[in-house]
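Residues per chain, in single letters:
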Amino acid sequence: MYGKGLKPLSIATVAALALSLSLVFFYAPLDADQGFVQKIFYLHVPLAIVALLGFVAGGVFAIAHLRSGDSKWDAYSYVSIHMSVIFGVAVLITGAIWAKASWGHWWVWDEPTLVSFLIVFLMYATYYPFRYAIEDRDRQARYASVFAITAGAFVPLNFMAVRMAESLVHPRTFATAEGGLPAEMMLTFLVSLGATGLLWTTLVKFELTAKSASGQLKRLRRALDAPPSGGSSRVAPEVS
Amino acid sequence: MLDLLPIAAPALPLDEAGKYVAGAYIVFLALILIYVAIMAAKLQRIERELRELAGFAESRADGDGQAATEPERESADV
Chain A
539 MYGKGLKPLS
549 IATVAALALS
559 LSLVFFYAPL
569 DADQGFVQKI
579 FYLHVPLAIV
589 ALLGFVAGGV
599 FAIAHLRSGD
609 SKWDAYSYVS
619 IHMSVIFGVA
629 VLITGAIWAK
639 ASWGHWWVWD
649 EPTLVSFLIV
659 FLMYATYYPF
669 RYAIEDRDRQ
679 ARYASVFAIT
689 AGAFVPLNFM
699 AVRMAESLVH
709 PRTFATAEGG
719 LPAEMMLTFL
729 VSLGATGLLW
739 TTLVKFELTA
749 KSASGQLKRL
759 RRALDAPPSG
769 GSSRVAPEVS
Chain B
109 MLDLLPIAAP
119 ALPLDEAGKY
129 VAGAYIVFLA
139 LILIYVAIMA
149 AKLQRIEREL
159 RELAGFAESR
169 ADGDGQAATE
179 PERESADV
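Here the protein sequences line up with chains A and B, keeping their order.
This note's numbering numbers the first residue of the first sequence as 539 and each following residue consecutively.
This note's numbering numbers the first residue of the second sequence as 109 and each following residue consecutively.
Chain A on its own, in the form it takes in the complex (with noise of 0.2 Å):
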C-alpha cells in the first residue's frame, strides 16, 4: 500500500539531485564574498528548510491522528518527525562545517539562528524517549501526537523570532532590503530545495513501506500463532 510508487519517485530523487550537484558545481557562479565555501549554502540551507517543515508536517499528521483517531496517521507523524531529525543531524554537521570554513569557527553560541536550530533539534531528539516510556499503543500515539502538535507550533513561532532578532553573523540572504540571490544562484537554490524535498519525501515513503510490511507481518505471525478466528486486515504500520 504504502510502497506503491516508490520506484518513480525514487528514480525522480536522483534525476533531482544529479541536477542540483550540476547546478551547484558548473552553473552557479562563484560567491563575491565568499569563494567556493558558499557551494555549502545549497546543501545547508535546503536541508534546514525541509527539516523544519517536516517537523510542521509531523504537527499536520498528528492532528490529522487526534481527530480521526486512525493508527496511520501517527505512523506518518512519527516518520516525518524520525526523518527531520536525520535531516537535522545533516544540517548541524554541514552549518559547523561552513561556519569554520566562512567564520574561523564550528559553533558561534552568540548567534540565533544557530542556537535556534540546536533548541528545535534538542526537543525533537526527545520526542523518541518521550514515546517510548510510554507502553500501552493508543496512549503512546496520543501523548506523542500532542508532543509532535505543541512542538510543531514551536517551530515557525522560532523561526519568526529569529528573524525579528538581531543577527550578529548569520546572513539573510532571503526577504532582506538588500536584494536577494542572483537569478543563477536563486534557480539553482530552488532545484537544490525541490530535490531535497523529494529526497525526504522519497525516504519518509520508504519508511513507511518497511513498517507497513514489519506491521503486517506481526499481525501474520499472531494470526499463524493463534487459533483460526477471523483475522484482522489492518494496514496501517505500526511504529516500534
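Be careful, since some hints might not be right.
Stated by the list, open to error - In silico SDA-like cross-links for lysine to any residue, where the CA-CA straight-line distance does not exceed 20 Å: (1) A:Lys638 x B:Val135; (2) A:Lys610 x A:Gln754; (3) A:Lys638 x B:Lys150; (4) A:Lys756 x B:Arg156; (5) A:Lys756 x A:Ser609; (6) A:Lys743 x B:Ile154; (7) B:Lys150 x A:Leu755; (8) A:Lys542 x A:Arg759; (9) A:Lys743 x A:Gln754; (10) A:Lys756 x B:Gln152; (11) A:Lys638 x B:Asp123; (12) A:Lys545 x B:Tyr143; (13) A:Lys743 x B:Lys150; (14) A:Lys542 x B:Ala148; (15) A:Lys545 x B:Met147; (16) A:Lys743 x B:Asp123; (17) A:Lys743 x A:Ala554; (18) A:Lys756 x B:Lys150; (19) A:Lys545 x A:Leu555; (20) A:Lys756 x B:Arg153; (21) A:Lys743 x B:Leu139; (22) A:Lys542 x B:Met147; (23) A:Lys638 x A:Lys542; (24) A:Lys638 x A:Gln572; (25) B:Lys150 x A:Arg757; (26) B:Lys150 x A:Arg759; (27) A:Lys638 x A:Val583; (28) A:Lys610 x A:Tyr665.
If you are wondering where the hints come from, they were derived from the structure by calculation, not from laboratory data.
Add chain B to chain A, keeping to what the hints say.
Relative to chain A, chain B alone:
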C-alpha cells in the same frame, strides 16, 4: 568576545575551501548511505521472517490436510 565575531574572515582560497565543501557533501552522503544501509538490514530481516512464516504456514497447511484425511481413512477401515 570580539574574537568570536569572525565577520572579517576573508574568503578561503579554492584549495582550502574545497576540503570544507567536500567534507560537507561527504557528510550528507554518508548519512544517507548509513540510513539506507540500516533500512536494507531491516528489509532483509523482514524478508527472512516472511520466509520462515511462509514455511510455517505451509507445514501447518500440510498438517491440517493430513488431519482432515485421517477420519476418512478410519471410516473406510470400519
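We went through each hint and held it up to the structure:
Our distance criterion of 20 Å between C-alpha atoms is met by lysine 638 of chain A and valine 135 of chain B, whose separation comes to about 15 Å. About 13 Å separates the Cα atoms of lysine 610 of chain A and glutamine 754 of chain A, which keeps this hinted pair within 20 Å; it holds. Taking the CA atoms of lysine 638 of chain A and lysine 150 of chain B, the gap is near 36 Å; set against the 20 Å cutoff, the hint is violated. A distance of roughly 13 Å separates the Cα atoms of lysine 756 of chain A and arginine 156 of chain B; the hinted pair therefore holds under the 20 Å criterion.
Among the hinted pairs, lysine 756 of chain A with serine 609 of chain A is consistent with the structure: their alpha-carbon atoms are about 16 Å apart, no more than 20 Å. Only pairs whose Cα atoms come within 20 Å are accepted, and lysine 743 of chain A paired with isoleucine 154 of chain B is accepted, the gap being roughly 17 Å. A C-alpha spacing of about 12 Å is found between lysine 150 of chain B and leucine 755 of chain A, which places the hinted pair at or below 20 Å, so the restraint holds. Pair hint lysine 542 of chain A plus arginine 759 of chain A does not hold up; C-alpha atoms about 24 Å apart against a cutoff of 20 Å.
Simply put, lysine 743 of chain A and glutamine 754 of chain A have alpha-carbon atoms about 16 Å apart, close enough for the 20 Å limit, and the pair holds. The straight-line distance between the Cα atoms of lysine 756 of chain A and glutamine 152 of chain B is roughly 15 Å, inside the 20 Å bound, and the hint therefore holds. Proposed proximity of lysine 638 of chain A and aspartate 123 of chain B is supported: the alpha carbons are some 15 Å apart, at most 20 Å. The suggested pairing of lysine 545 of chain A with tyrosine 143 of chain B holds, with an alpha-carbon distance near 18 Å, which does not exceed 20 Å.
Distance hint between lysine 743 of chain A and lysine 150 of chain B is fulfilled; the C-alpha atoms sit about 15 Å from each other, no more than 20 Å. With a C-alpha separation of about 18 Å, the suggested pair lysine 542 of chain A and alanine 148 of chain B falls inside the 20 Å cut-off, and the hint holds. Restraint check: the Cα-Cα separation between lysine 545 of chain A and methionine 147 of chain B comes to about 16 Å, which is no more than 20 Å; the hinted pair holds. Straight-line distance between C-alpha atoms of lysine 743 of chain A and aspartate 123 of chain B comes to about 39 Å, which puts the hinted pair past the 20 Å bound.
Using a Cα cut-off of 20 Å, the hinted pair lysine 743 of chain A and alanine 554 of chain A holds, with the two alpha carbons roughly 17 Å apart. Restraint check for lysine 756 of chain A and lysine 150 of chain B: the C-alpha separation of about 14 Å stays at or below 20 Å, so the hint holds. Between the alpha carbons of lysine 545 of chain A and leucine 555 of chain A the distance comes to roughly 15 Å, so the proposed pair stays at or under 20 Å and holds. For the proposed pair lysine 756 of chain A and arginine 153 of chain B, the alpha carbon gap of about 12 Å is at most 20 Å, so the pair holds.
For the proposed pair lysine 743 of chain A and leucine 139 of chain B, the alpha carbon gap of about 18 Å is at most 20 Å, so the pair holds. Between lysine 542 of chain A and methionine 147 of chain B the alpha-carbon distance is near 18 Å, which keeps this suggested pair within the 20 Å criterion. Taken as a hint, the lysine 638 of chain A and lysine 542 of chain A pair is broken in the structure, with Cα atoms around 43 Å apart against an allowance of 20 Å. Proximity of lysine 638 of chain A to glutamine 572 of chain A is assessed by CA-CA distance (about 12 Å); at most 20 Å being required, the pair is judged to hold.
Taken as a hint, the lysine 150 of chain B and arginine 757 of chain A pair is honoured in the structure, with Cα atoms around 17 Å apart against an allowance of 20 Å. Simply put, lysine 150 of chain B and arginine 759 of chain A have alpha-carbon atoms about 17 Å apart, close enough for the 20 Å limit, and the pair holds. Taking the CA atoms of lysine 638 of chain A and valine 583 of chain A, the gap is near 16 Å; set against the 20 Å cutoff, the hint holds. Straight-line distance between C-alpha atoms of lysine 610 of chain A and tyrosine 665 of chain A comes to about 18 Å, which keeps the hinted pair within the 20 Å bound.
Comparing the model with each numbered hint stated earlier shows that hints 3, 8, 16, 23 do not hold.
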